[in-house]
Amino acid sequence: MSSGFFSRWADSFFRRGEFSVTVPVMDGPLRPNRLLEEAQVAFRLDAVDNLTAAGGTVLCSSGPRLLSWTPGSAEAGELARCDSVISALASEPGGAVAIGLDAGGVIIRGGRHDGHMVGEGRLTCPTAIVFLDADTIVVANGSARCRPSEWKRDLMSIGSSGSVWRVDLPSGEATRLADGLAFPYGVAPSPGGRVLVSCAWRHRIVSIDTTGREAMKSVLDDLPGYPSRIVAAQDGGYWLSVFAVRTQLVEFVLREHRYREQMMAEIPVDYWVGPDLTSGQSFLEPLQGGGIKQMGILKPWAPARSYGLVVRLDAGFNPVASFHSRADGHVHGITSVCEIGERVIAGAKGPGLAVEVPLQAGELA
Amino acid sequence: MNSHTLTRLRYTYLPDHLIGEILSKRWIDNAIPVLTLALIIAVFGSVIGNFFTLGSIGNISQQVAELGLLTLALTIVMLSGGIDLSIGSIFGLAVLATLICMNALGLSVGVALLAALATGMLCGLINGLLIGYLRLRAFLTTLVMLIILRSVYEIVFLNFATRIVSGMPQSKLWDYLAFGKIYGIPAALFITLAIALVLHVILSRARHGWHITAVGGARRSAYNAGINVRRTICAAYVWSGGLAALAGFIYAARLGSAGADTGAGLEITALTAAVLGGISLGGGRGSVAKALIGTISVAALSSGLVRLGVPGPMNSLILGTVLILAVFVDVRWMKNKQKILNTVYMSPAYVVMPKAAETAVGSGSPYAVNDKLREVDAIGLGILEGPEDCVLDRDDNLYCGTRHGDVMKFHGPDHKTWELFAHVGGHPLGIQMDRDNNIVTCVGGMGLYMITPQREVVKLTDETNRSAFSIIDDSQLKIADDLDITDDGRVYFSEATIRYNIANWPMDALESRGNGRIVCYDMNTKKTHTELKNLVFPNGVCIAQDQQSFYFAESWGCRLSRYWFDGPKKGTLQVVIDNLPGYPDNINRSSDGHYWFTLMGMRTPSLDLALRMPGFRRRMARQIAVDEWLFPNINNGCVLKFNEKGEILDALWDLGGQNHPMITSIREHKGNLYLGGISNNRIGRYKIPGADPNWCALDARWGKS
Numbered sequence: 000m001s002s003g004f005f006s007r008w009a010d011s012f013f014r015r016g017e018f019s020v021t022v023p024v025m026d027g028p029l030r031p032n033r034l035l036e037e038a039q040v041a042f043r044l045d046a047v048d049n050l051t052a053a054g055g056t057v058l059c060s061s062g063p064r065l066l067s068w069t070p071g072s073a074e075a076g077e078l079a080r081c082d083s084v085i086s087a088l089a090s091e092p093g094g095a096v097a098i099g100l101d102a103g104g105v106i107i108r109g110g111r112h113d114g115h116m117v118g119e120g121r122l123t124c125p126t127a128i129v130f131l132d133a134d135t136i137v138v139a140n141g142s143a144r145c146r147p148s149e150w151k152r153d154l155m156s157i158g159s160s161g162s163v164w165r166v167d168l169p170s171g172e173a174t175r176l177a178d179g180l181a182f183p184y185g186v187a188p189s190p191g192g193r194v195l196v197s198c199a200w201r202h203r204i205v206s207i208d209t210t211g212r213e214a215m216k217s218v219l220d221d222l223p224g225y226p227s228r229i230v231a232a233q234d235g236g237y238w239l240s241v242f243a244v245r246t247q248l249v250e251f252v253l254r255e256h257r258y259r260e261q262m263m264a265e266i267p268v269d270y271w272v273g274p275d276l277t278s279g280q281s282f283l284e285p286l287q288g289g290g291i292k293q294m295g296i297l298k299p300w301a302p303a304r305s306y307g308l309v310v311r312l313d314a315g316f317n318p319v320a321s322f323h324s325r326a327d328g329h330v331h332g333i334t335s336v337c338e339i340g341e342r343v344i345a346g347a348k349g350p351g352l353a354v355e356v357p358l359q360a361g362e363l364a
Numbered sequence: 000m001n002s003h004t005l006t007r008l009r010y011t012y013l014p015d016h017l018i019g020e021i022l023s024k025r026w027i028d029n030a031i032p033v034l035t036l037a038l039i040i041a042v043f044g045s046v047i048g049n050f051f052t053l054g055s056i057g058n059i060s061q062q063v064a065e066l067g068l069l070t071l072a073l074t075i076v077m078l079s080g081g082i083d084l085s086i087g088s089i090f091g092l093a094v095l096a097t098l099i100c101m102n103a104l105g106l107s108v109g110v111a112l113l114a115a116l117a118t119g120m121l122c123g124l125i126n127g128l129l130i131g132y133l134r135l136r137a138f139l140t141t142l143v144m145l146i147i148l149r150s151v152y153e154i155v156f157l158n159f160a161t162r163i164v165s166g167m168p169q170s171k172l173w174d175y176l177a178f179g180k181i182y183g184i185p186a187a188l189f190i191t192l193a194i195a196l197v198l199h200v201i202l203s204r205a206r207h208g209w210h211i212t213a214v215g216g217a218r219r220s221a222y223n224a225g226i227n228v229r230r231t232i233c234a235a236y237v238w239s240g241g242l243a244a245l246a247g248f249i250y251a252a253r254l255g256s257a258g259a260d261t262g263a264g265l266e267i268t269a270l271t272a273a274v275l276g277g278i279s280l281g282g283g284r285g286s287v288a289k290a291l292i293g294t295i296s297v298a299a300l301s302s303g304l305v306r307l308g309v310p311g312p313m314n315s316l317i318l319g320t321v322l323i324l325a326v327f328v329d330v331r332w333m334k335n336k337q338k339i340l341n342t343v344y345m346s347p348a349y350v351v352m353p354k355a356a357e358t359a360v361g362s363g364s365p366y367a368v369n370d371k372l373r374e375v376d377a378i379g380l381g382i383l384e385g386p387e388d389c390v391l392d393r394d395d396n397l398y399c400g401t402r403h404g405d406v407m408k409f410h411g412p413d414h415k416t417w418e419l420f421a422h423v424g425g426h427p428l429g430i431q432m433d434r435d436n437n438i439v440t441c442v443g444g445m446g447l448y449m450i451t452p453q454r455e456v457v458k459l460t461d462e463t464n465r466s467a468f469s470i471i472d473d474s475q476l477k478i479a480d481d482l483d484i485t486d487d488g489r490v491y492f493s494e495a496t497i498r499y500n501i502a503n504w505p506m507d508a509l510e511s512r513g514n515g516r517i518v519c520y521d522m523n524t525k526k527t528h529t530e531l532k533n534l535v536f537p538n539g540v541c542i543a544q545d546q547q548s549f550y551f552a553e554s555w556g557c558r559l560s561r562y563w564f565d566g567p568k569k570g571t572l573q574v575v576i577d578n579l580p581g582y583p584d585n586i587n588r589s590s591d592g593h594y595w596f597t598l599m600g601m602r603t604p605s606l607d608l609a610l611r612m613p614g615f616r617r618r619m620a621r622q623i624a625v626d627e628w629l630f631p632n633i634n635n636g637c638v639l640k641f642n643e644k645g646e647i648l649d650a651l652w653d654l655g656g657q658n659h660p661m662i663t664s665i666r667e668h669k670g671n672l673y674l675g676g677i678s679n680n681r682i683g684r685y686k687i688p689g690a691d692p693n694w695c696a697l698d699a700r701w702g703k704s
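Taken in order, these protein sequences are the chains called A and B. Numbering of the first sequence is given in numbering that gives the first Met the number 0, commencing with residue 0 and proceeding in unit increments. Numbering of the second sequence is given in numbering that gives the first Met the number 0, commencing with residue 0 and proceeding in unit increments.
Rather than coming from a laboratory, the hints here were simulated on the basis of the structure. This one's a predicted model, so the numbers in the text were calculated from it and none came from an experiment. Among the hints, a few may not be true.
What the hints assert, rightly or not - Covered, in the sense of this in silico footprint (three residues per stretch, anywhere, with C-beta under 8 Å from a C-beta of chain B), are these stretches of chain A:
(1) 103-115
(2) 240-250
(3) 271-284
Cβ atoms here follow ideal geometry from the backbone N, Cα and C, with glycine treated the same way.
The shape of chain A in the complex, shown without the other chains (with noise of 0.2 Å):
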């Protein structure tokens, strides 16, 4: 363990290692293309959020208000409203819906547990939820200090108090599975009765244990952005939503501890150096070398402070396809995706709308 320290500390020194500011290459599988960029525009919706497959239909989430979609219909339709914005949803085929909220936990509607709050006091930064029985519920606990709207202070703060809790909706006891996450804000169901949590801070998936007998192990590392929501797909494996793509000034700026400090301090959140779910709103936002106008295009290769990113892993976690919206588009800050008939439907959180993509596009040959 000595030499193990040592060499970290030499690393840390020389900056190299995981102390380098060097992000993934996105390459194979997660080579960029267009498919978000061109794929046809489901339906438009203010900060869609947390689409979740019910039935045939599609649950999501804007600000305050619960809305379902109908495949083929140009907009959703409200179904409820909320007095928190909703951060989080999951959905039962008996018909409950479990809705997390932004202010702090996780209230149920529908089905046997209609009208529970569970999870008050504790579950103050709902991102993610899944039903694993009509009982049970997972959530995803982003952030001990932060809500989830708050989530760049949690990034640029260096946060890993995230956890994972199970729930058992008829006592609403808790039961706490992992923390010291560094914001898990995705959570599926795995075989032999584990999860999966997104851990976006740390570019990772971690498979955690449910009956909290075994140990949480890594099956994905390194990924090249945030990760966000994941579903499992329908023919085995998963979707993998991926908000933002990490970028060397993003990595460097985490190891810059006064230069943080300050920039949370005088800066207003939307002028951060840092990831965000849209971009180019407004000339107060930090540009970078790459990002200057020449002859009046936008280069696609441009360090992106948002991105449009859905990944396909297959059963054994690894990537096989990916759809892209770069960096001189506009489908960006995906933060969910489901599965309904043949078709993908990615949410935009950023510029506000959900597209379709058919199934089998962007893999490999």
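Here the structure of chain A is known, so what remains is to put chain B in place on it, guided by the hints.
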């Protein structure tokens, strides 16, 4: 004292940008050899009591005379990219030739000198033919020559040994060479120094010397430049042979006899001296001064070791170790110098920006964003690339530069047809028309140029006076940027930065130091001088209506200033606006007696914060790629109008930057405003509501023609 004060003091008073500038000088290569020599002298001077006495120095200088010539011989060959290991053997043969002439045959000194030189140059010619023309490897060829010539020496020496020893030449000149002194300097050393001086002139000033250095530096490039590479290399070996022979001649004069091992091993001593002096083994880098420094180092070292009583073999061992060390340092230095330079040259300054003026819609600020520029016509769309500035003549023809180094002419009044007006060769930035309809333009990387109506391109100036205490040569104009012309024919133009060329402007932005200046060129006297220094990326220049002052913009400083060059306020500098929300660029007059200027980009809070943290910027520059750096946001800009009081009268924005991502210049002409942009592919034309449709900038400026 808080940490901000400390940071400010540290970055204000520690001039760390000078480190990079010193490292960028060519003479910095001499630093290590000079330090080594100083170290050797200091060590032996303190260990050996009488190291500095006359006798000791005389002994060393005698050695320096012979070793110096040998080192110079090797230097020329190494400069040409080769190596000559046979100089020791040539030296021996020359000693032999001299002694045969003097002692055995009783010939005169002159004949002996010629014989020695002929021997050496012949051997050198053989080397040169083999290596230069037959393209054999220098190392192997001269190693073989070393052995062959040594054998020749031994065979000949056996035949003449007795006659050499018994002969006693009677020649005053001969004795003088050995023992004579000129102003206390041994004659031999005098000869060596004289030859060194001649060689210095040849290597540093003459065509032949430059050819040798060029061939050693980059053989293929030298060939492509038309240098006869083979002949040059061959000549280097002839030089080497001749100089080695001369060293042998002096040696013969001093000792008057020879032994079986005369000259053996001298090539290693000379090689040590050359490498220790900093003459690169890779070729192309070296000088006579370096050779002499190396020679003195080795002579002092070996003489010191002898006087310390170090036995001969040990002495050689130490010299060998020194050679290895010198080679190591040479290789590492060559490999890493540019790397070090790249990391230390950029040196960010501590800058606290004043709070930026508000730009939000509905804020009531004169800068408030609008979309007045949405309806702008495009001129030359798809034809132009990078028209930084434009100018219109009295017939409404529009002239502008492109990044291909051309000045284009668009025919008025509709500017639909165009022609190539003149090819300048560099990217024309600021552009003006003088009283006689000549186009005067600042060309990036080239200087101030004029294009006459007959399309003749004339260089006005490309240099100014060099500052007294600048380390880098600041006489060359690197980024001449914008200009204006006074009534009496003085051209005031800005040079954005003296530390970077035009492609590296982002580095200057990251530095945000006062690297720029305003220069004056007088068309009457054809003289150039620097008027204002230490400006932060000075950009637009515009002569004020009073004809005694000009306005200028400092881009990274986000301010407009006014400077009086004539009249009662001559020499006064006054800041007009200092809290601009963006980076100002060109300034030009408007038809209502005020001034237009542009913001080529907007300040971002994140970069303003970084400006207060020089260390952050320095680490950013070192650790991440340029494309990832925080940049000034030059994807959005606007056009502003101000009056002499510094009040903003109008603001024209293109919200979203669809038509004009960046605007670097404006020109009002007959009711229209023409917009240039250095990274745009068009010129914009905006109809100014209520502007005088007959106002022509040239008429207003120079009077009707």
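Query raised in the report: Against which earlier hints does the structure fall short, listed by number upward?
Result: Number 1 only.
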